[in-house]
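Work out the full structure, taking the sequences as your base and the hints as a guide.
Protein chains in written order, with my numbering: chain X, 1 to 170; chain B, 1 to 158.
Warning: the hint list may mix true and false statements.
To be verified - Coverage of chain B stretches by chain X, computed from C-beta distances (three or more under 8 Å per stretch; other residues unrestricted):
hint, stretch
1, 21 to 33
2, 36 to 47
3, 50 to 64
4, 145 to 157
To be verified - Sample of chain B residues facing chain X (criterion: CB under 10 Å; computed from the structure):
hint, residue
5, Thr67
6, Pro69
7, Trp70
In case anyone wonders, no lab produced these hints; they're calculated from the structure. For glycine and all other residues, C-beta sits at the position ideal for the given N, C-alpha and C.
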Amino acid sequence: MSLLGFCQWLEKTSWSIALHESLWVYPIVESVHVLTLCLFVGVAVMLDLRLLGVTLRRVPMSQLFPQLQPWLVAGFALMVVSGGLLFYAIPVRTYLNIFFRIKVVLLLLAGLNAWIFHRRVYRRVAEWDLDERPPKGARRAAWVSLALWACIITAGRMIAYNWFDAPGVH
Amino acid sequence: MLLPFFEWCESTAVGEAIRNSLWLFPVIESFHLLALALIGGAVLLLDLRLLGIGMRRQEVARLARDTYPWLARGLSVMILTGILLFCSEAIKCYYSSAFWTKMFALAPALLFTFTIRRAVARASGGRLLPVWQKLTGLVSLSLWTIVGASGRWIGFSG
Numbered sequence: 001m002s003l004l005g006f007c008q009w010l011e012k013t014s015w016s017i018a019l020h021e022s023l024w025v026y027p028i029v030e031s032v033h034v035l036t037l038c039l040f041v042g043v044a045v046m047l048d049l050r051l052l053g054v055t056l057r058r059v060p061m062s063q064l065f066p067q068l069q070p071w072l073v074a075g076f077a078l079m080v081v082s083g084g085l086l087f088y089a090i091p092v093r094t095y096l097n098i099f100f101r102i103k104v105v106l107l108l109l110a111g112l113n114a115w116i117f118h119r120r121v122y123r124r125v126a127e128w129d130l131d132e133r134p135p136k137g138a139r140r141a142a143w144v145s146l147a148l149w150a151c152i153i154t155a156g157r158m159i160a161y162n163w164f165d166a167p168g169v170h
Numbered sequence: 001m002l003l004p005f006f007e008w009c010e011s012t013a014v015g016e017a018i019r020n021s022l023w024l025f026p027v028i029e030s031f032h033l034l035a036l037a038l039i040g041g042a043v044l045l046l047d048l049r050l051l052g053i054g055m056r057r058q059e060v061a062r063l064a065r066d067t068y069p070w071l072a073r074g075l076s077v078m079i080l081t082g083i084l085l086f087c088s089e090a091i092k093c094y095y096s097s098a099f100w101t102k103m104f105a106l107a108p109a110l111l112f113t114f115t116i117r118r119a120v121a122r123a124s125g126g127r128l129l130p131v132w133q134k135l136t137g138l139v140s141l142s143l144w145t146i147v148g149a150s151g152r153w154i155g156f157s158g
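Right under this line is the structure:
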């Protein structure tokens, strides 16, 4: 089955229709998705700002990260669940939406950036833990992260607009 | 009584320009959301600490000193973009209960954040019972959640 075929099948399931047509549940799920920005992206941004050396300078990275990790994970889980439900409610239109596709690519890049940071830079955190201005690799990862999340939020917001939708898709 | 003011806001050149553009409203809205993430992070770090459920190895007063500047930066972007969005649909806002809920939560949220919450964070470290810190974190989180949720709801209303 193609991805589009899968989305078309998904769209006909009764729970998808129920969610799409619900008066309250869909807006509530969407609000949860938006407000979780504060938790997930908010915490990630504060970590990035620490890596840039512009806040929490006296806090060692190896102390800051473990304290924030549970909240980051919780925020990520909420994002994935609420975002998955939003997709589930409107699969075909979302799948065909250019901003959704851009967002998916950017999310993968953000994941890759975080993975590289942990493999290459954070692994040697002992060497720069107390630096008020962490090394170049850390600062680069922080800038890339900030830029990607800004684009992801923008692309996500744009999914709601249907300027580029194929005719007949709603 | 306020309606003429809202009508005037909507008739301003700025309001009209945003309303007549396909791109401006969503783009300004995106900046509004970027600032939301920043404010969220800055507020949460200290509130989690005040509640005693996160950042526990950090000293409250120090954490407050580190996060307040970023909170202020986030808020200035938020208020600027918020005013622009408001001007483009002021009359809709006038009739939106979500808008009024947001405004009536925003005023105490701002006031609380820059008076009591700041004072409690500064006074931490002995003089204050932990229960007051917890209460402060709870009030702050609750107020900002109402502001955020009702803000999102403006888009669903009307």
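Okay, the hints, checked on the actual structure:
Coverage of the stretch 21 to 33 of chain B by chain X holds in this model, with 6 residues showing a Cβ closer than 8 Å to a Cβ of that chain against a need of three. With a cut-off of 8 Å between beta carbons, the stretch 36 to 47 of chain B has 10 residues touching chain X; three or more are needed, and the interface restraint holds. Given as covered by chain X, the stretch 50 to 64 of chain B passes the check, having 7 residues with a CB less than 8 Å from a CB of that chain where 3 are the minimum. With a cut-off of 8 Å between beta carbons, the stretch 145 to 157 of chain B has 6 residues touching chain X; three or more are needed, and the interface restraint holds.
Interface hint at Thr67/B: satisfied, since its Cβ lies 7 Å from the closest Cβ of chain X, which is below the 10 Å cut-off. For Pro69/B, the interface hint holds, the least distance from its beta-carbon to any beta-carbon of chain X being 8 Å, beneath 10 Å. Evaluation of the Trp70/B hint against chain X yields a held restraint, the C-beta minimum of about 6 Å falling below 10 Å.
Consistency note: the structure conflicts with none of the earlier hints.
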